[in-house]
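Generate the whole structure from the sequences, applying the supplied hints.
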Amino acid sequence: VELPEPPATVKDVREVNGSSKMVYAVTDKDPLEYVVGDDVVFSCTLYSDKNIVSCPKFSWTANTEDGKSYTGTADGSHGKLVVKIPATASGIVRLKVLALDEKGQLISGIEQSRSFNEPCVFSAVVNAKNINTKTSEPADFDEFWNGQIANLDAVAPDVIFMEKLENKNVENVDGGSSKPLVDIYRLKIKTPDDCGYASAYLTVPKGADANSLGIVVFFHGYNVGDVTPQASDHNMVLTVSAHSIELNQPSSYYSNLSSGELSNYGFKNNNSRDTCYFRTMILRDLQAVRFIKAYGGTEGVKINGETQALGLWNGKLRLQGGSQGAFQGIAVAAFDKDVTDAKWSIPWMCDVNGMKSEFRPAYTSALGYYDTVFFGKRISADVNVTISAGLGDYICPPSGVVALYNQMSANVTLTFDQGMTHGFYPPNAAVYKYSK
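If you're matching positions, the sequence shown starts at 532 in my numbering and goes up one per residue.
Note that these hints are calculated values from the structure, not bench results.
It is possible that some hints are incorrect.
[To be verified] Simulated restraints, written as ranges between beta carbons of each label pair:
#, residue 1, residue 2, range
1, E889, K660, 35 to 45 Å
2, S789, D764, 12 to 22 Å
3, S789, S709, 40 to 50 Å
4, I834, E642, 47 to 57 Å
[Said to hold, decoys possible] Think about it this way: if two alpha-carbon atoms lie no more than 27 Å apart in a straight line, the pair counts; the simulated DSSO-like pairs of lysine-lysine are:
#, residue 1, residue 2
5, K874, K615
6, K721, K799
7, K699, K599
8, K699, K874
9, K660, K615
10, K581, K560
11, K660, K737
12, K874, K964
13, K964, K581
14, K964, K887
15, K699, K737
16, K737, K719
17, K874, K833
18, K874, K824
19, K615, K868
Predicted model, so just to flag it, every value in this text is computed and none were measured.
Every residue gets a Cβ at the ideal spot worked out from N, C-alpha and C, and that includes glycine.
In structure tokens form, the structure reads like this:
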């Protein structure tokens, strides 16, 4: 640890009333561009809003991809800490920092992450172009999925239930607080028998002209619950549940599923590729996309025994979602060649046998058929892809996300926020990117 020159006297973080208190870190070069042999220098500063503040001491831990670890404590009276870690292997150098009181206890009120009681986490990427999955993809990956999709193709994506909803809250899929003026529908879409049915909300802008709307298909993160319908002024939006369950139900319905049938879903029955929960999830997702293309376009689907079509689709198809939702979208994009655009964040299940995740199923060889990296490899180069991720996120470790980027041939921009954990976005965080 190298301590910087003392700055002017700064106030103790516990004595100020800032709206946002957290540790920020910068590196001595672009954190995505280190190579083996470099020293990664993290310069950390404790802030309250825009003001440097102090703490009695810092505690830190650093790890490298090849298993080396370093720990230490340092004086925090100046609010600054500098840590130098040798980059000894391709992959990630990770630094965790805690602000502590005189007794070595975590100081409350510092936004370490979403829960306020975890380290601030920062990372640097070493030899980025060399980062790949720890385990090669299964030799029969394509054979397996081609067989699954052939079974799916035998079932038309017809509607088995559809109702129009009134006064259902929506979110703007394009961002912002405005509420697009849309019609909202709850749907069940026919799938192969072993998949149940696909469950989704559809929003359609009111008064749209023929061939004037794009399609957005949105997938949520890991959850057992109702999903919030997404909406847009310029797109039909299909918000797809990860599960074959009823939507728009009382909370008790989802609580019972979460503690019962869907408890710990995806984390069990993974010894066979055929019993992985993600198999039927992905097939339902693909069928949902087939539905909206046919119904939103001119091909049509059967609803109450009659073929119906909106004739609104202009040919643009965007997939969007975060975490598990990004995993789902990337899998769909691997097999649906009508996708034109994608917007994904913190993609889950990248390099399933790689760097340890804080929340990911234990590795089995069967999970190789569900590795996000192997799906990403199969996305057409014609798809415009943006991916955002966090250099502090170890639910979706940065090394796996870089491996995904390396395997993709699409037109991809990948951005990393320094210090961003899973779903926690530090205000004014430094952002770095790869693009191709």
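Now for the hints, and whether the structure bears them out:
Between E889 and K660 the CB atoms are about 26 Å apart, so this pair departs from the stated range of 35 to 45 Å. Under the hint 12 to 22 Å, the C-beta atoms of S789 and D764, about 34 Å apart, miss the expected range. Taken as a hint, the range 40 to 50 Å is violated for the pair S789 and S709, whose Cβ atoms sit roughly 32 Å apart. Between I834 and E642 the beta carbon distance is about 48 Å. The supplied range of 47 to 57 Å therefore holds.
Proximity of K874 to K615 is assessed by CA-CA distance (about 35 Å); at most 27 Å being required, the pair is judged violated. Between K721 and K799, the direct Cα distance comes to roughly 26 Å. Compliance with the 27 Å bound is thereby established for this hinted pair. About 52 Å separates the Cα atoms of K699 and K599, which puts this hinted pair outside 27 Å; it is violated. Annotation: proposed proximity of K699 to K874 holds, straight-line Cα distance about 25 Å (limit 27 Å).
Our distance criterion of 27 Å between C-alpha atoms is met by K660 and K615, whose separation comes to about 23 Å. Taking the CA atoms of K581 and K560, the gap is about 23 Å. The hint holds against a cut of 27 Å. Of the pairs offered as hints, the one joining K660 and K737 is violated, with about 47 Å between alpha carbons and a cut-off of 27 Å exceeded. Taken as a hint, the K874 and K964 pair is honoured in the structure, with Cα atoms around 15 Å apart against an allowance of 27 Å.
Straight-line distance between C-alpha atoms of K964 and K581 comes to about 25 Å, which keeps the hinted pair within the 27 Å bound. At most 27 Å may separate the alpha-carbon atoms for a hinted pair to count; K964 and K887 meet this at roughly 23 Å. A threshold of 27 Å between alpha carbons decides the hint, and for K699 with K737 the separation of about 15 Å falls inside it, so the pair holds. Of the pairs offered as hints, the one joining K737 and K719 holds, with about 22 Å between alpha carbons and a cut-off of 27 Å not exceeded.
Of the pairs offered as hints, the one joining K874 and K833 is violated, with about 30 Å between alpha carbons and a cut-off of 27 Å exceeded. Among the hinted pairs, K874 with K824 is consistent with the structure: their alpha-carbon atoms are about 18 Å apart, no more than 27 Å. A distance of roughly 46 Å separates the Cα atoms of K615 and K868; the hinted pair therefore is violated under the 27 Å criterion.
Hint compliance for this structure: hints 1, 2, 3, 5, 7, 11, 17 and 19 are broken, all remaining hints hold.
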